[in-house]
Amino acid sequence: MAELPILDVQGVGKTYAFNDTRIEALRDANLTVRKGEFVCLIGASGCGKSTLLRIVAGFEPPTVGTALMWGKPIQGPAPDRGMVFQDYGLFPWLTVRENIGFGPASRGRPKSELKETVERFVALVGLSRFADAYPHQLSGGMKQRVAIARVLANDAEIVLMDEPFGALDAMTRERLQDELLELWQRTGLTVLFVTHSIEEAIFLADRVVVMEPGPGRIACEHRITLPRPRDVASPEFNAVRRELSARLHSHHAKKAA
Amino acid sequence: MSDATVPNTGALAAPSPRLGGFRLLARLKSFGLALIVPLLLLLGWHLAVKAGMTRLIPSPGEVAEYMVDFAVGGIWDDAFSATLLQHLVASASRVYGGFALAALVAVPLGLLIGRVKLVSQLLDPFIQLMRPIPVTAWLPLSMILFGLGPKSAFFLVFLGAFYPILLNTVFGVKSVEPRLFEAASMLGCRGNAQFFKVVLPASLPSIFTGLRLGLGLAWFVIVVGEMTGVPQGLGAVIMDGRTLSRTELVICGMIVIGIAGFLSDRLVVLLMNRLLRWSPLHHG
Ligand SMILES: Nc1ncnc2c1ncn2[C@@H]1O[C@H](COP(=O)(O)OP(=O)(O)OP(=O)(O)O)[C@@H](O)[C@H]1O
Ligand SMILES: [Mg+2]
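Heads up: the sequence lines are chains A and B, in that order. Take any residue in the first sequence, note its place counting from 1, add 186, and you have its number in my numbering. Take any residue in the second sequence, note its place counting from 1, add 1, and you have its number in my numbering.
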């Protein structure tokens with residue numbers, strides 16, 4: 187018997203009613219993610235990447251189809267699926283420490299355990315010096331570290347990331363990519379990661395899922411077999427990049443024809 | 002890079018002594034600048050009285066002399082000598098009493114109106130209808146309802162402070178970023194727990210804006226409130242001064258209300274800056 191996937195999206199569609207018009211944001215999406223996999227979603231703006239992620243997170247119910255986690259239908263948001271937003275979504279009135287402890291505290295973890303967990307994850311993302319700072323005192327990269335730490339500290343099994351590094355400068359982004367990969371390899375996390383950047387997708391993912399718009403749907407999947415750590419300047423990397431961008435553009439060309 | 006990207010607010014670094022010196026200088030400068038206009042006005046007032054432009058208004062010097070008598074007595078020894086404190090206490094107790102009651106009712110009510118649809122549908126239209134009625138228009142009715150005396154003043158202060166606190170609280174609750182609710186619920190804080198962990202802290206800045214406005218209005222309304230025949234209070238002093246044609250008394254009352262209102266606003270700001278340390282708009 188095949189091992190149960192951590193995430194199983196079956197025939198999921200989403201139609202938004204917007205004033206009098208209806209927008210089909212997502213049609214018949216099928217996606218299976220196994221535990222420990224790093225999957226990237228990529229595609230043009232408006233092809234339903236965020237919609238799919240928000241359905242998995244439980245923020246929106248699908249119009250048709252089902253999304254299963256460990257074989258059970260997803261009903262609303264829960265700590266086992268941690269979301270990292272592009273705009274961070276940190277609580278501005280809490281310090282770094284308190285933001286990271288928000289989840290465990292909400293779930294009634296005992297004081298001593300809470301303290302130990304918080305310190306561990308503050309250190310893990312390298313923010314010990316800023317543990318008592320408020321979010322407005324942090325740089326974008328530091329804020330995103332806090333956002334990642336707070337879902338990990340809350341025992342998230344799968345981390346959903348919606349263009350988490352999109353607002354950061356190139357150097358900070360590269361550094362956070364490295365850190366995320368290291369965390370992922372060390373902890374056995376499962377990651378579902380939305381990005382606009384082909385390079386980012388190839389650098390990070392075990393598997394890249396290509397989506398296309400009008401209506402939003404999954405076009406194809408692409409397994410990345412390059413050995414890690416990957417070198418974005420290597421000829422092998424470039425070969426994959428060319429192939430993937432040809433695929434992305436062929437879909438566009440098909441649509442234009 | 003991570004830890005090296007020190008935030009440019011510098012809020013985490015202790016101020017160096019050199020910087021402290023500069024800060025003192027900057028403070029003195031802004032204090033000095035703030036004094037220029039009032040001093041010029043005082044001078045203009047003094048000169049206008051000296052030049053005999055009016056007989057009904059005393060000079061600043063006379064007012065200052067009367068203020069001393071009003072505060073500690075020993076100069077004129079009339080009915081108002083050394084009564085400042087008791088009038089101030091009477092007014093302040095009504096201001097803070099009415100204000101505290103208004104805050105106690107308006108903040109929870111505002112949180113409910115902003116958060117619970119049914120409560121909003123039930124109360125919002127009514128409140129919008131009542132709000133345009135000026136507090137002063139309530140004076141006759143409040144005298145019928147509460148009689149001539151301190152209760153009436155208390156009621157008017159309550160009413161004056163009530164609306165700004167309520168409306169700002171409702172606004173604060175309604176403008177909480179939806180993202181924060183999503184963040185809280187995916188971290189395991191759902192339903193009613195979000196009320197205290199998200200709604201309340203997120204709307205605190207607006208609530209404080211309401212409290213500041215409300216307290217300001219409370220001092221504003223107290224004069225009207227104390228015109229309803231209360232024996233004590235700064236409003237009563239001003240009214241008595243008017244009927245007795247003692248303009249210096251009127252001006253002393255005005256000055257004391259101004260200073261008291263200013264100081265109580267500073268108190269709220271102090272508290273606000275403490276509680277809203279996290280907000281980039283509020284520290285300092
Ligand atoms: N709440 C909503 N109400 C109405 N329409 C929506 C809503 N959310 C998304 N849509 C629509 O659904 C479609 C897909 O949106 P989605 O945000 O999933 O795209 P995306 O792939 O994440 O795009 P981007 O790369 O720009 O973030 C878009 O046409 C969008 O206008
Ligand atoms: Mg999106």
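Hints were generated in silico from the structure; no laboratory data involved. Please note that a few of the clues may not be correct.
Unchecked claim - Derived DEER-like restraints, expressed as beta-carbon distance ranges:
1) B:276 x A:435: 22 to 30 Å
2) A:355 x B:27: 31 to 39 Å
3) A:314 x B:267: 35 to 43 Å
4) A:209 x B:178: 20 to 28 Å
5) A:314 x B:27: 30 to 38 Å
6) B:192 x A:190: 24 to 32 Å
7) A:373 x B:130: 41 to 49 Å
8) A:373 x B:178: 36 to 44 Å
Said to hold, decoys possible - The calculated lysine-lysine pairs, modelled on DSBU-like cross-linking and capped at a C-alpha distance of 35 Å, are:
9) A:221 x A:297
10) B:175 x A:221
11) B:175 x B:198
12) B:118 x B:198
13) A:258 x A:297
14) B:30 x A:297
15) B:198 x A:301
16) B:118 x B:175
17) A:301 x A:258
18) B:30 x A:301
19) A:258 x A:221
20) B:198 x A:258
21) A:221 x A:301
22) B:175 x A:297
23) B:30 x B:51
24) B:30 x A:258
Claimed, not checked - Some chain A residues judged to face chain B by a derived CB distance under 7 Å, without partners named:
25) 275
26) 320
27) 322
28) 326
29) 340
Cβ coordinates follow ideal geometry from the N, Cα and C atoms, glycine included.
Numbers of unmet hints, in rising order: When the structure is compared with the hints, numbers 1, 7, 8, 10, 14, 18, 24, 28 turn out to be violated.
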